[in-house]
Amino acid sequence: MFSNFVTSGFEGVISPMERVTHEVLEGWNLIILAVVLLLVVVNKQVYPRQFRQLLSVPSGVAHTNQLLREWNPTSSFIGYSFFLCYISMVALFVQKSFVIISRDVSQYNSFSFFAILCGCAAGWVVLRYLAFALVSWLFQQKDVVARQTTVDLSISTYSFSALLIVLLLILYIPSSIMVWIGVGIIFVGTVFKVFLEFVETRVFSKMPSFYIFLYFCTLEIVPVVLLFTAATRFFANNTVL
1 MFSNFVTSGF EGVISPMERV THEVLEGWNL IILAVVLLLV VVNKQVYPRQ FRQLLSVPSG
61 VAHTNQLLRE WNPTSSFIGY SFFLCYISMV ALFVQKSFVI ISRDVSQYNS FSFFAILCGC
121 AAGWVVLRYL AFALVSWLFQ QKDVVARQTT VDLSISTYSF SALLIVLLLI LYIPSSIMVW
181 IGVGIIFVGT VFKVFLEFVE TRVFSKMPSF YIFLYFCTLE IVPVVLLFTA ATRFFANNTV
241 L
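Positions 1 to 241 (the working numbering) are the ones given, in order, by the sequence shown.
Honestly, the hints are just simulated from the structure, not real lab data. Incorrect hints may appear among the rest.
Label pairs and their in silico Cβ distance ranges [said to hold, decoys possible]:
(1) Asp104 with Asn65: 16 to 26 Å
(2) Gln66 with Ile31: 35 to 45 Å
(3) Ser102 with Arg52: 38 to 48 Å
(4) Val188 with Trp124: 15 to 25 Å
(5) Trp71 with Gln107: 40 to 50 Å
(6) Lys142 with Ile173: 29 to 39 Å
(7) Leu134 with Trp71: 43 to 53 Å
None of these values were measured; they are calculated from a predicted model. Where a beta carbon is used, it is the ideal one built from N, C-alpha and C, also for glycine.
Let the sequences and hints guide you as you build the complete structure.
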C-alpha cells in the first residue's frame, strides 16, 4: 500500500546547491591576536613606567611633557611593537569587515588579502610620519612633531586594544553590528587624536588656531573622510569612483 511513497513527486531534476558558510574564523587569526596580546604583556612587564606614561598622555599636556623629558616613545621598542599591533589589528578588522559585509569568504578571508591590507595600513602610517617629518623640517617645529607622534602612538594603543576585543567577538559572532562598533572605535579614536594633537600644538607652539586647523585637515580629517567614502562606494556600487 506504500509502493509510491518514495518515488512519487520527484519528476523534476534536482540540482545540487553549493554549501554556503559564514564562518570568518581562521587558525592564523588567533595566532595574530595571541602575538598582539603577548607584545602588550611583555611591554607592560618589561617597561612598566613607560607603559603607564604612554597611556597617561591623553590626561593632559603635563603628562606629555614628563614623558618626552625622559624618553622618545616613537623610537623605542614600545613604539615599534605597538605600531605593529595597531597595523595588524586595523588590517584584520578591515578584512573581517569585508568578509561580513560582502559575505564572500573565499575572496576576502585569505592570509594574502590580510597581508595586502597590512601593507596598506603600514604605508598609511609611514606616509603620515613622512608628512610629520616634512612639516618639522619646513617650519623648524621638531618638538611639536614629537608631541604629535606621541599622542598618535598613545591613541593608537587605546584603539588597537579596543579593536582586539571587537575582533574576538567578530571571529565568533560575525555580525554587521560588531563591524559598526569597530568603525565607531576607529572614528572616535581619530577625532580624539586630532583634538589632543590640536591642544598639544596650540599650547606648545602658540601657532594661530586657524593654521593648526588647516594643518590637521590636510593630514588627518580629509584622508580619513576620503577612505570612508571610498569604502562606502565600494560596497554600494562595487567601485570607488
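How the hints compare with the structure:
1. A C-beta distance of roughly 49 Å is found between Asp104 and Asn65, which places it outside the suggested range of 16 to 26 Å.
2. Distance hint check for Gln66 and Ile31: the Cβ-Cβ separation is about 37 Å, which falls inside the suggested range of 35 to 45 Å.
3. Taken as a hint, the range 38 to 48 Å holds for the pair Ser102 and Arg52, whose Cβ atoms sit roughly 41 Å apart.
4. Val188 and Trp124 have their C-beta atoms about 18 Å apart, which keeps the hinted 15 to 25 Å range intact.
5. For Trp71 paired with Gln107, a C-beta distance near 44 Å keeps the hint of 40 to 50 Å intact.
6. For the hinted restraint 29 to 39 Å between Lys142 and Ile173, the CB-CB distance of approximately 46 Å leaves it violated.
7. Leu134 and Trp71 have their C-beta atoms about 24 Å apart, which leaves the hinted 43 to 53 Å range violated.
The structure fails to meet hints 1, 6, 7 from the earlier list, while all remaining hints are met.
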